[in-house]
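As a plain string of letters, each chain reads:
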Amino acid sequence: EAGVAQSPRYKIIEKRQSVAFWCNPISGHATLYWYQQILGQGPKLLIQFQNNGVVDDSQLPKDRFSAERLKGVDSTLKIQPAKLEDSAVYLCASSLQASGAYEQYFGPGTRLTVT
Amino acid sequence: SQQGEEDPQALSIQEGENATMNCSYKTSINNLQWYRQNSGRGLVHLILIRSNEREKHSGRLRVTLDTSKKSSSLLITASRAADTASYFCATDRVDSSYKLIFGSGTRLLVRP
Chain A
278 EAGVAQSPRY
288 KIIEKRQSVA
298 FWCNPISGHA
308 TLYWYQQILG
318 QGPKLLIQFQ
328 NNGVVDDSQL
338 PKDRFSAERL
348 KGVDSTLKIQ
358 PAKLEDSAVY
368 LCASSLQASG
378 AYEQYFGPGT
388 RLTVT
Chain P
16 SQQGEEDPQA
26 LSIQEGENAT
36 MNCSYKTSIN
46 NLQWYRQNSG
56 RGLVHLILIR
66 SNEREKHSGR
76 LRVTLDTSKK
86 SSSLLITASR
96 AADTASYFCA
106 TDRVDSSYKL
116 IFGSGTRLLV
126 RP
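Protein sequence lines, in the order shown, are assigned to chains A and P.
First residue of the first sequence? That's 278 in the working numbering, and the numbers climb one at a time after it.
First residue of the second sequence? That's 16 in the working numbering, and the numbers climb one at a time after it.
No wet-lab data here; the hints were simulated from the structure.
You may find that some hints are simply not true.
[What the hints assert, rightly or not] Think about it this way: if two alpha-carbon atoms lie no more than 27 Å apart in a straight line, the pair counts; the simulated DSSO-like pairs of lysine-lysine are:
no.	chain 1	residue 1	chain 2	residue 2
1	A	K339	A	K355
2	A	K321	P	K84
3	A	K360	A	K339
4	A	K355	A	K288
5	A	K321	A	K292
6	A	K292	A	K339
7	P	K85	A	K339
8	A	K292	A	K348
9	A	K339	P	K84
10	A	K355	A	K321
11	P	K71	P	K114
12	A	K321	P	K85
13	A	K348	A	K321
14	P	K71	A	K339
15	P	K71	A	K355
16	A	K288	A	K360
17	A	K339	A	K288
18	A	K360	A	K321
19	P	K41	P	K114
20	P	K85	P	K41
21	A	K348	P	K71
When you get a sec, could you build the whole thing from the sequences and use the hints?
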C-alpha cells in the first residue's frame, strides 16, 4: 500500500514570497490533515478535510495560509506571503475517517526555511 | 490549544533498559494515541487506547491509561538503539472527537 506522498521535501524562500505544498493521501482515506511542526514541538493541526469539505481550520492563519482539496483526493497548502516564523516542517496526514479512533498516516513532510 | 504534555521532555538510557514516558491531558477524551518520530521513518502510529481501556500491549510496548488522573504512560521494554526517537501522545477531546491534539513530546536517546 502506497503511503502519503508530499512534495517538495525541502524549500527555502525569502520572507514575503509565496510557497505551495502538495499532498496525496492514501487511497480511500476520506480525511486529510495539514500540520505545522516547529522544531522541538509537537505537530499543530492547521486544517482538516473530510472528503473535499473543511472540518476544522480554527488554527489556520487565514490572512496568509490557504488550502484546498479539490475532488476530495490530493490537497495543496499555500502560504502567501511567508514570514520568518513560518519556518517549520509541514506534515500531511490521512485517515479513514475524521475520528480520534482512527490512526493517522503521515507523509515525510516538507521542511520550509524562510530567510 | 495544548492538551497533552509529555514528561520527561528528554530521556537518555542504556540499550537493554526500560524507558517510561508519561502524558497528561486536561479534558475528558475518547481515545489516546502514541506516535513515534525519527528522522528515518517520520511520524508513525504506535498504539491506540480507548477511554474504557486501562492497558494495552503491542510487542515491547505497554500503554496504560488512567482517566481519573487524566494521564497515560508508555513503557518500552528492553530498549534498542533503533528506539531513539521522539514520542508523542495525541488525544481527542470528547467535545471535538474528530481531531487529535498532539503533545510536545519526549525525546528518547538509547545509548548502545
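Structure-based check of each hint:
1. Taking the CA atoms of A/K339 and A/K355, the gap is near 10 Å; set against the 27 Å cutoff, the hint holds.
2. The suggested pairing of A/K321 with P/K84 holds, with an alpha-carbon distance near 24 Å, which does not exceed 27 Å.
3. Annotation: proposed proximity of A/K360 to A/K339 holds, straight-line Cα distance about 13 Å (limit 27 Å).
4. Under the criterion of a C-alpha separation no larger than 27 Å, the hint pairing A/K355 with A/K288 is consistent with the structure, at around 13 Å.
5. A threshold of 27 Å between alpha carbons decides the hint, and for A/K321 with A/K292 the separation of about 22 Å falls inside it, so the pair holds.
6. The hinted pair formed by A/K292 and A/K339 meets the criterion: a straight-line CA distance of about 17 Å does not exceed 27 Å.
7. About 33 Å separates the Cα atoms of P/K85 and A/K339, which puts this hinted pair outside 27 Å; it is violated.
8. The straight-line distance between the Cα atoms of A/K292 and A/K348 is roughly 31 Å, outside the 27 Å bound, and the hint therefore fails.
9. Taking the CA atoms of A/K339 and P/K84, the gap is near 37 Å; set against the 27 Å cutoff, the hint is violated.
10. The straight-line distance between the Cα atoms of A/K355 and A/K321 is roughly 16 Å, inside the 27 Å bound, and the hint therefore holds.
11. Between P/K71 and P/K114 the alpha-carbon distance is near 22 Å, which keeps this suggested pair within the 27 Å criterion.
12. For the proposed pair A/K321 and P/K85, the alpha carbon gap of about 21 Å is at most 27 Å, so the pair holds.
13. The straight-line distance between the Cα atoms of A/K348 and A/K321 is roughly 25 Å, inside the 27 Å bound, and the hint therefore holds.
14. Among the hinted pairs, P/K71 with A/K339 is inconsistent with the structure: their alpha-carbon atoms are about 40 Å apart, more than 27 Å.
15. For a cut-off of 27 Å, the pair hint linking P/K71 to A/K355 is broken: about 40 Å separates their Cα positions.
16. For the given pair, A/K288 sits about 14 Å from A/K360 by alpha-carbon distance, which is consistent with the 27 Å threshold.
17. Proposed proximity of A/K339 and A/K288 is supported: the alpha carbons are some 21 Å apart, at most 27 Å.
18. Restraint check for A/K360 and A/K321: the C-alpha separation of about 17 Å stays at or below 27 Å, so the hint holds.
19. For the hint linking P/K41 to P/K114, the alpha-carbon distance of about 16 Å falls within 27 Å, and the restraint holds.
20. Among the hinted pairs, P/K85 with P/K41 is consistent with the structure: their alpha-carbon atoms are about 7 Å apart, no more than 27 Å.
21. Our distance criterion of 27 Å between C-alpha atoms is broken by A/K348 and P/K71, whose separation comes to about 38 Å.
Consistency with the previously given hints fails for numbers 7, 8, 9, 14, 15 and 21, ordered from lowest to highest.
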